[in-house]
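Colleague: Given only the sequences and the hints, what does the whole structure look like? Please build it.
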Amino acid sequence: MIARLARWFDDRLAASNFVRDKLNKVFPEHFSFMFGELALYSFVILVVTGIFMALFFNTSLSKTVYEGAYEPLRGVQVSQAYASVLRLSFEVRAGMVMRQIHHWAALLFMASIVLHLCRIFFTGAFRRPREINWVIGVTLLALGMFNGFSGYSLPDDLLSGTGLRIAHAIVQSIPVIGAWATFLIFGGEYPATEIISRLYTMHIFLVPGIIVALISIHLALVVRQKHTQFPGPGRRDDNVVGVRLWPTYTALSIGLFFLVSALLAGLGGLVQINPVWLWGPYEPSAVTIAAQPDWYVGWGEGALRLFPPWEIRAFGYMVPNPFFPAALLPGLTFVALYAWPFLEARVTGDYDEHHLLDRPRDRPVRTALGVVVLTFYGILLLAGANDVIATELGLPIIPFVYFLRGAVLVLPVLAGLTTWKICRDLAGRSSLEAAREELAARTEAAAEAEEAEEEPAREPAEASQAESEQPDAATAGRSGSGSGEA
Amino acid sequence: MSDRALFVVRVMLVTLVGVAAAAVSPLFHGNPLPLVGIVVAMALLYLVTLRLPHRAGPARADSDQGGPGRAANPGNLAGERGAASARIALAFLLATAAAVGLTVVYARGGQPQLEGLLLLVALGGIGSGLVVWARKLLPSATVSEERGPMGSPVDEEQATATAFERAEEGGKRRGLLGLLVLAAGWLGIAALFPIRSLGPGPGRKLFVTSWRDGVPLVGEDERVVTVDRLRVGEIITVFPEGHHGAADAQAVLIRLAPGQLRPLPGREHWSPEGYVAYSKVCTHAGCPVGLYQVRSHQLFCPCHQSAFAVLEGAMPQFGPATRPLPQLPLRIEHGELVAGGDFSEPVGPGFWSYG
Amino acid sequence: MLRWLPPVVAGLALVMWLSGGGSPAAGAQQESRVSGEQLYLQSCAYCHGERGQGTHRGPPIADAGAANADYQLSTGRMPISEPAQQPQRKEPAFSEQEIAALVDYVDSLGDGPPIPEIHPEGADLGKGAELYLHNCASCHGTSGVGSVLLGHFEAPALHDSTPLQVAESIRVGPTTMPEFGHDVLNDEELNAVVAYVMYLQHPKDAGGLPLGRFGPFAEGAFALTFGVGVLVLITRWLGKQA
Numbered sequence: 001m002i003a004r005l006a007r008w009f010d011d012r013l014a015a016s017n018f019v020r021d022k023l024n025k026v027f028p029e030h031f032s033f034m035f036g037e038l039a040l041y042s043f044v045i046l047v048v049t050g051i052f053m054a055l056f057f058n059t060s061l062s063k064t065v066y067e068g069a070y071e072p073l074r075g076v077q078v079s080q081a082y083a084s085v086l087r088l089s090f091e092v093r094a095g096m097v098m099r100q101i102h103h104w105a106a107l108l109f110m111a112s113i114v115l116h117l118c119r120i121f122f123t124g125a126f127r128r129p130r131e132i133n134w135v136i137g138v139t140l141l142a143l144g145m146f147n148g149f150s151g152y153s154l155p156d157d158l159l160s161g162t163g164l165r166i167a168h169a170i171v172q173s174i175p176v177i178g179a180w181a182t183f184l185i186f187g188g189e190y191p192a193t194e195i196i197s198r199l200y201t202m203h204i205f206l207v208p209g210i211i212v213a214l215i216s217i218h219l220a221l222v223v224r225q226k227h228t229q230f231p232g233p234g235r236r237d238d239n240v241v242g243v244r245l246w247p248t249y250t251a252l253s254i255g256l257f258f259l260v261s262a263l264l265a266g267l268g269g270l271v272q273i274n275p276v277w278l279w280g281p282y283e284p285s286a287v288t289i290a291a292q293p294d295w296y297v298g299w300g301e302g303a304l305r306l307f308p309p310w311e312i313r314a315f316g317y318m319v320p321n322p323f324f325p326a327a328l329l330p331g332l333t334f335v336a337l338y339a340w341p342f343l344e345a346r347v348t349g350d351y352d353e354h355h356l357l358d359r360p361r362d363r364p365v366r367t368a369l370g371v372v373v374l375t376f377y378g379i380l381l382l383a384g385a386n387d388v389i390a391t392e393l394g395l396p397i398i399p400f401v402y403f404l405r406g407a408v409l410v411l412p413v414l415a416g417l418t419t420w421k422i423c424r425d426l427a428g429r430s431s432l433e434a435a436r437e438e439l440a441a442r443t444e445a446a447a448e449a450e451e452a453e454e455e456p457a458r459e460p461a462e463a464s465q466a467e468s469e470q471p472d473a474a475t476a477g478r479s480g481s482g483s484g485e486a
Numbered sequence: 001m002s003d004r005a006l007f008v009v010r011v012m013l014v015t016l017v018g019v020a021a022a023a024v025s026p027l028f029h030g031n032p033l034p035l036v037g038i039v040v041a042m043a044l045l046y047l048v049t050l051r052l053p054h055r056a057g058p059a060r061a062d063s064d065q066g067g068p069g070r071a072a073n074p075g076n077l078a079g080e081r082g083a084a085s086a087r088i089a090l091a092f093l094l095a096t097a098a099a100v101g102l103t104v105v106y107a108r109g110g111q112p113q114l115e116g117l118l119l120l121v122a123l124g125g126i127g128s129g130l131v132v133w134a135r136k137l138l139p140s141a142t143v144s145e146e147r148g149p150m151g152s153p154v155d156e157e158q159a160t161a162t163a164f165e166r167a168e169e170g171g172k173r174r175g176l177l178g179l180l181v182l183a184a185g186w187l188g189i190a191a192l193f194p195i196r197s198l199g200p201g202p203g204r205k206l207f208v209t210s211w212r213d214g215v216p217l218v219g220e221d222e223r224v225v226t227v228d229r230l231r232v233g234e235i236i237t238v239f240p241e242g243h244h245g246a247a248d249a250q251a252v253l254i255r256l257a258p259g260q261l262r263p264l265p266g267r268e269h270w271s272p273e274g275y276v277a278y279s280k281v282c283t284h285a286g287c288p289v290g291l292y293q294v295r296s297h298q299l300f301c302p303c304h305q306s307a308f309a310v311l312e313g314a315m316p317q318f319g320p321a322t323r324p325l326p327q328l329p330l331r332i333e334h335g336e337l338v339a340g341g342d343f344s345e346p347v348g349p350g351f352w353s354y355g
Numbered sequence: 001m002l003r004w005l006p007p008v009v010a011g012l013a014l015v016m017w018l019s020g021g022g023s024p025a026a027g028a029q030q031e032s033r034v035s036g037e038q039l040y041l042q043s044c045a046y047c048h049g050e051r052g053q054g055t056h057r058g059p060p061i062a063d064a065g066a067a068n069a070d071y072q073l074s075t076g077r078m079p080i081s082e083p084a085q086q087p088q089r090k091e092p093a094f095s096e097q098e099i100a101a102l103v104d105y106v107d108s109l110g111d112g113p114p115i116p117e118i119h120p121e122g123a124d125l126g127k128g129a130e131l132y133l134h135n136c137a138s139c140h141g142t143s144g145v146g147s148v149l150l151g152h153f154e155a156p157a158l159h160d161s162t163p164l165q166v167a168e169s170i171r172v173g174p175t176t177m178p179e180f181g182h183d184v185l186n187d188e189e190l191n192a193v194v195a196y197v198m199y200l201q202h203p204k205d206a207g208g209l210p211l212g213r214f215g216p217f218a219e220g221a222f223a224l225t226f227g228v229g230v231l232v233l234i235t236r237w238l239g240k241q242a
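Residue numbers (our numbering), protein chains in the order written: chain D, 1 to 486; chain U, 1 to 355; chain P, 1 to 242.
Rather than coming from a laboratory, the hints here were simulated on the basis of the structure. Wrong hints could be hidden among the right ones.
Stretch by stretch, here's where chain D covers chain U in the computed footprint (C-beta under 8 Å, at least three residues) [to be verified]: (1) 130-140; (2) 157-169; (3) 178-189; (4) 309-319; (5) 333-339.
In this text, a Cβ means the ideal position worked out from N, Cα and C, and glycines have one as well.
Modeller: Structure below.
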């Protein structure tokens with residue numbers, strides 16, 4: 001039956017060759033290579049739950065008197081959008097769990113992207129020939145942030161309205177075009193009435209479409225360029241060692257999808273997220289303490305809170321305060337991210353192709369820089385919740401802000417220097433051990449070659465590929481860093 | 001996987017079970033049976049997924065664990081595979097049971113916590129079964145695949161370039177190409193114009209609000225504010241009459257003890273009977289400055305912690321705000337508070353042409 | 001083996017019952033005036049002055065009124081041994097009868113707001129929600145978690161307040177909180193706000209574990225620690241480490 005179906009398709013597509021080639025593809029199995037898949041599968045869950053939610057959401061900001069199932073807000077004037085989210089949460093069966101899975105998936109989607117980005121950065125996987133995929137990945141990060149923020153803004157609860165108010169001020173702060181941009185984006189003077197329906201179109205249609213397209217290219221490039229691998233016995237710049245796509249890696253990867261979904265479903269059902277019924281409907285004159293964005297834009301909020309009261313006024317014009325922390329800083333962040341592979345190649349003069357990954361300790365400057373950046377944004381992230389932290393720790397707010405202002409400048413440098421020192425020490429030690437490790441690897445590889453010969457060959461006629469470890473593993477790895485970590 | 005990592009997995013799963021139990025326990029009003037069932041299901045799932053030798057296969061080159069390999073001991077292998085099959089079967093059966101439970105829960109009206117838990121077990125069962133299957137039963141040989149450098153050989157590049165050069169003949173009309181670019185470019189520019197349809201231009205709107213001379217103040221309840229409305233130390237949010245809820249016109253009205261206020265020059269008569277009104281829109285990022293600390297006479301923005309001195313023209317004291325909250329001139333007419341005009345400055349966050 | 005235990009327990013219980021029953025409430029009522037003044041002189045006058053006129057150690061409270069006195073005493077904020085900028089909530093130092101006596105006495109010292117009469121049962125919860133969001137959430141938060149304020153002050157969390165304490169604090173504005181008099185919040189509105197605050201103490205956590213209802217910060221922290229932790233462990237379970 002399956003064979004006949006396969007023949008039917010092959011008679012029309014002549015795809016046997018192509019399919020076999022893909023089934024035989026080899027994927028390295030290091031756990032850190034699966035971080036990208038975590039993001040991919042979170043995205044799949046986002047799409048599935050998002051489609052469900054889209055069937056119930058109402059984008060209108062016109063007012064209605066709430067008369068739904070959530071008693072404490074009955075009789076309150078709310079927007080249609082907010083009422084529809086309450087309806088989804090309390091009246092649509094499985095609506096609450098879908099909404100919460102969606103939100104948790106968004107938080108973990110962004111977290112997976114950042115994890116993946118860190119893995120790529122610290123192991124130098126962005127070097128030639130993978131600059132294109134780095135650029136696509138950074139774009140996906142930006143799109144994810146935008147879509148996360150637009151999703152956060154849709155329910156028109158007090159937090160999302162406050163977030164939009166601040167986003168409005170940030171756009172307005174852009175020199176020359178700021179005021180015009182806000183009037184066009186919001187459809188008039190704040191709060192206007194257009195923003196939710198416009199964000200909705202972006203959130204469910206435009207941005208996810210672009211994300212799907214970019215993920216497709218991202219994956220196609222991985223297939224085309226083949227995966228990178230850590231140095232180790234039998235692993236060279238001109239091969240890739242791992243398991244085949246079919247059947248083992250396929251089963252693993254689908255298993256991973258289900259496990260990620262299981263975690264998200266568990267969180268979505270058991271851990272409350274964004275209880276908009278407690279935050280209440282948005283009113284331009286109402287506000288709450290502990291007004292935080294979701295974590296992936298929290299660093300921008302932190303920068304807004306820590307930036308000192310400076311702004312530029314000259315020649316009858318103004319560059320307002322929010323521009324620097326909330327427009328310039330993110331802009332520079334992304335410019336630096338985009339430029340990094342090209343910048344590093346220029347500084348190191350290393351324009352060669354690389355398929356073997358760096359160990360972070362062997363690139364102390366890059367690793368230290370990465371730690372500087374992570375520390376900087378980590379402190380900003382904490383600063384974005386400085387009121388909650390100060391409340392819970394019983395700290396006075398003003399000294400705490402001064403402390404954070406200092407910390408965000410000093411701690412990254414200290415963390416970077418420490419990292420650099422640790423890397424140098426580790427790398428020094430490993431170069432001492434290099435000879436011993438290489439000897440061990442050589443012995444091990446020889447033993448495996450013998451073992452492999454005993455094994456009956458499962459795929460005898462693969463000319464370009466050989467089962468198990470290569471006998472010439474002795475030449476594997478670059479001296480100094482090539483060692484299988486146990 | 002190392003023993004330590006296994007241990008951590010186990011701890012995390014147990015934590016998850018604990019979280020689950022804690023989350024659902026209040027829902028059963030003291031009946032422990034569903035909870036016990038859930039915990040048993042979770043524990044089963046936990047048994048299924050744990051204690052897995054990481055892989056069984058001939059290539060143990062980079063395995064960090066010892067133990068007998070498949071080639072070394074075929075008898076042991078068969079037993080291992082049987083055990084793995086049983087475990088996978090158990091996982092899938094658990095998933096089935098949970099999925100059946102899910103349909104029942106849904107049909108009976110749904111319950112978010114139960115739905116999440118059952119989904120967790122169903123998806124987790126399928127996922128862990130698949131992973132065990134992949135790791136224990138499917139071919140796990142470590143394979144090496146060759147790869148060449150990414151660039152094409154020079155002759156291929158040249159052949160491709162030649163293919164492009166076919167256009168040289170008849171295609172190289174510089175004038176025509178220029179006109180094509182001109183037409184397409186203008187079309188592109190024309191295509192940008194509909195952006196203008198997105199909304200009205202700002203005009204003077206950022207400089208003015210709906211406060212006018214003589215407009216009465218109304219509170220959240222839309223009642224006009226009379227002189228005896230507030231006692232010293234009280235605060236309310238006010239709007240211009242007829243514009244209740246207007247985002248840019250919202251103001252805080254505070255009553256101070258006579259003589260407490262130190263009015264800015266030129267504003268000596270803006271605060272009759274101790275009433276003083278400031279824009280409620282923070283000059284930093286536009287949040288409502290709704291937090292009034294009576295003792296220190298400070299308005300505090302809960303979003304980014306800007307502090308404003310109420311007694312001194314709402315000058316910024318701390319935080320990122322650079323400009324004072326604009327003040328609303330007030331007077332009293334027939335026992336009611338009315339505005340003496342618009343705010344002293346444009347309200348809210350700054351912008352390029354603010355000046 | 002422990003044959004001696006039951007009689008001893010019984011004996012102890014008897015002693016406790018006898019001693020517990022030794023102070024009839026009626027007696028306290030009669031003595032209220034006297035013991036109120038006495039308690040005041042013992043526990044309050046050192047800082048607030050003999051007639052509530054205040055000293056350099058504490059502010060005048062002659063015109064604080066019954067509402068303020070009851071709020072401060074029943075939340076345990078007063079008395080304090082050392083002057084503090086903002087006293088913290090703790091176990092009340094006095095019994096209910098003693099507090100009543102003290103409140104009566106403080107009330108008699110001057111002219112202040114009486115203890116409000118509230119009937120939050122059956123109040124309009126929706127009205128309360130609206131008023132709470134507009135007037136209270138900016139300091140206490142939409143879910144009543146409280147926050148630090150400028151200068152070592154704080155807006156306390158509302159989780160432990162009784163309905164009467166909520167009403168009293170609204171009417172008198174303790175510490176740095178503004179007061180909300182009858183012309184700002186009438187009695188019906190006061191009842192509605194009190195009812196909503198009481199609801200916030202045990203709100204509908206339909207989504208599961210509430211994570212303290214701190215909002216996105218707690219959610220993000222949970223996602224980045226627990227969520228990411230589980231995700232990484234899953235990949236480590238699936239993948240290899242070399």
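Colleague: Against each hint, give a clear statement of whether it holds in the structure.
Modeller: Each hint, compared with the structure:
1. Counting residues of the region 130-140 of chain U whose CB falls under 8 Å from any CB of chain D gives 8; the rule of at least 3 is met.
2. Counting residues of the region 157-169 of chain U whose beta carbon lies closer than 8 Å to any beta carbon of chain D gives 0, which falls below the threshold of three, so the coverage claim is violated.
3. Taking a C-beta to C-beta cut-off of 8 Å, the region 178-189 of chain U contributes 0 residues in contact with chain D, too few for the three needed, and the coverage statement is violated.
4. Under a criterion of three residues with beta carbons nearer than 8 Å to beta carbons of chain D, the stated coverage of the region 309-319 of chain U is upheld, 3 such residues being counted.
5. For a cut-off of 8 Å, the count of residues in the region 333-339 of chain U with a CB near a CB of chain D stands at 0, and the three-residue condition is violated.
Hint violations for this structure: numbers 2, 3 and 5, all remaining hints satisfied.
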